[in-house]
Each structure stands twice: as structure tokens, then as C-alpha cells.
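Asker: Given the structure of chain A, go ahead and fit chain B onto it with the hints provided.
Residue numbers (numbering that gives the first Met the number 0), protein chains in the order written: chain A, 0 to 242; chain B, 0 to 114.
If you're looking for bench data, these hints aren't it; they were derived computationally from the structure. It is possible that part of the hints are untrue.
[To be verified] To give a feel for the contact side, a few chain B residues facing chain A, derived at Cβ under 8 Å: (1) 25; (2) 29; (3) 36; (4) 70; (5) 71.
Idealized CB from N, CA, C, for every residue including glycine.
Next come the chains, spelled out residue by residue.
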Amino acid sequence: MNSLQDTWVYLSATPLFHLTMTLVAFQVANFAFEKAGRNPLLNPVLGAVLLLVAMLLLTDTDYGTYFEGAQFVHFLLGPATVALAVPLYRQWHTVRRSAVAILASLIAGSFTAIVTAVATAWFFGGSLPILASLAPKSVTAPVAMAIAEELGGLPSLTAVLVITTGIIGAMFGPGILNLIGVKDWRARGLAMGTASHGIGTARALQVNETAGAFSGLAMGLNALATALLLPVIWGILIGLLGI
Amino acid sequence: MLAYLTLILVCQLAGELAVGALSIPVPGPVVGMLLLFIILMLIGKVPKGLDQTANGLLNSMSLLFVPAGTGVMLHFKLLGEALIPLSLALIFSTLATIVVTARLMQWLGKEGTGE
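Excised from the complex, chain A in its bound form:
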């Protein structure tokens, strides 16, 4: 029994353990997702996060210790973002033909994301740091965190809200798009990427290459649009809502 305990103490202190657990949790969640015919409601990111949080709480492990192992997975987000250039290049002829439509839709979407989030949370009594952490939630995590900090929010809370936004978009986005009758893959991809950044893009890539390319493009453009628009909109919102 003692040697098992020793092994556990040793293993839980190496990055290998939490790295492996991250992959295992994702495999389990993804297996359920595939078994259910890729039902968006069984989002594998959500499933894996729930499994991992339960495991960390049960083993009384703090997030810092977990992240020492998980950082190797987290790191790959950067290279994966760069790799989005490949589907974008493949779809470039389609993108170029609808450049004006893309830019107009993207700016409208970016504006909607910011204003509806802040106004809804304000209406239901969210405090100023909560509103500031929430405002950039549709943008990819590193940009969102930097913007939130500038507005007086909590960057680490923003990271969680960004991921949650991505999961909500991936879970309910396809259903809503069917409901409103949008069949155009370009519009579907652009909407997923604008509203729910990389997680929406990951979901779009699984379904259709055009949607994936438009989603990746929207994610990149929305990062830029929000970084430029949000400080201005924030000033106006603060004035209008009297915060």
C-alpha cells in the first residue's frame, strides 16, 4: 500500500501525470461525443473540463500543479492558430469574392457580441470588474485577456468566460443556424468564428472546410476588430449605462 502511495506522490508531481490525464479526459469526452453521433450538446471540451475539474477537486490538486503538465497541450494553441493559414489559403478565392460582405458582417457581429454581453450582465446586476472581464469574451483568449486587463477586468476570469463562450457557440450554434435557415457555409463559418473564436472554429472545421476557413478568418479578424473597437464602445457604454 505504501509503495502505491509513494508512486502516486511521485507521479502526481511530474508533468506526465496531468498531461496524460488531460488527453485521457478528452478521449473519454470525445468518445461520448462520437457515440452520440457528434451531438453538439455533448461538447468534448466541456466534457473533458468537467472530468478534469472533478478529478482535481477529488485529489485536492491545485490548478498550478495541473497546469505544469497541461501546459504542453495549451502551448499548441499558438501553432494551431498559425496552421489556420492553410484552410484560409485553400478558400482564398471564395474569401476574396465576398470581402466586403465579410468585413461588414464581422464588424456587425463584433459589435453585437460586445454590446449584448455588457448590457445583459449589467441589467442583471453584474459589477464593473465582471462587465470588464466579460466584454471581450468572443475573442481568442490571449487578446481577450489583454483587453480585459486594460478595462479593469480580471484576465484569468476572462479566460474562463472566453472558453465558456466557445463551448456555448459550439453546442448551440449549429442548431440556431439551422433554426434561422442559414445554409451558406461561408455565413455559418463566419458566424461561428466571430461569436466563439477557436472552439467554434474547431467545430466548423469538423463539418466543412469552407466553414472552417471562414471561421478561422473571422476569429483572426474579430481579434483585431475587438481590440480596436472595444475601448471606444466601452467608453460609450459606461456613459450610457451610468456605471
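Answerer: Relative to chain A, chain B alone:
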């Protein structure tokens, strides 16, 4: 494969450096994506190895968000206190954004679909 992974990392690094040097309000990897895109435009095709490497990364993209998502455990208290405003705002805003963007894109992008 390794050569193309190197290319991807070089693009990311160059992106990070550009962002730092020019203080552009965009993350390094997004600038890296732009750089790789420019390289592809110059080559005029996607090399097979790059295609494989990029697909490998993109196929497992969902997994890559799991570590950051697990960070939810750092904020249980704050999330509990602001559960109603946060959850309503996230759900409403995300769905509204999807509807507005998709509808507008479908409407504006009608010509030139080639369908």
C-alpha cells in the same frame, strides 16, 4: 513533417516578435497565421507535408482549449456570486452574435456564391 512544424513555429515566433516590436493589439499567433498565409501565396500551393502537419494540429484543436477551460476551478467563488448575469449574458450574447453575423453574411454575400 518536422520541417513544416519548424516553419509554423518560425511564423509564430516572427509574429510574436512583430507584435512586441510594433505593439500591435493582436496576438502573435494571429500575425503568424498571416505570415504563413503570405508564404503560401508566394509558393502558390500547399506543400503536402505542411498540409499533413496543419491537419494534425487542426484536427485536435478542441483538445487544446481544455487546460485553459479547467481554469474555471480558480473562479468558483466569483462565478457563483455572478452566476445569473454571467450565464445569461454569455448565452444571449453568443447566440445573438451568431444570428446577426450569419444573417448579414448570407444576405450581403448573395452574389458571388457561384451556387
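Asker: Can you name, in rising order, the numbers of the hints this structure does not satisfy?
Answerer: none
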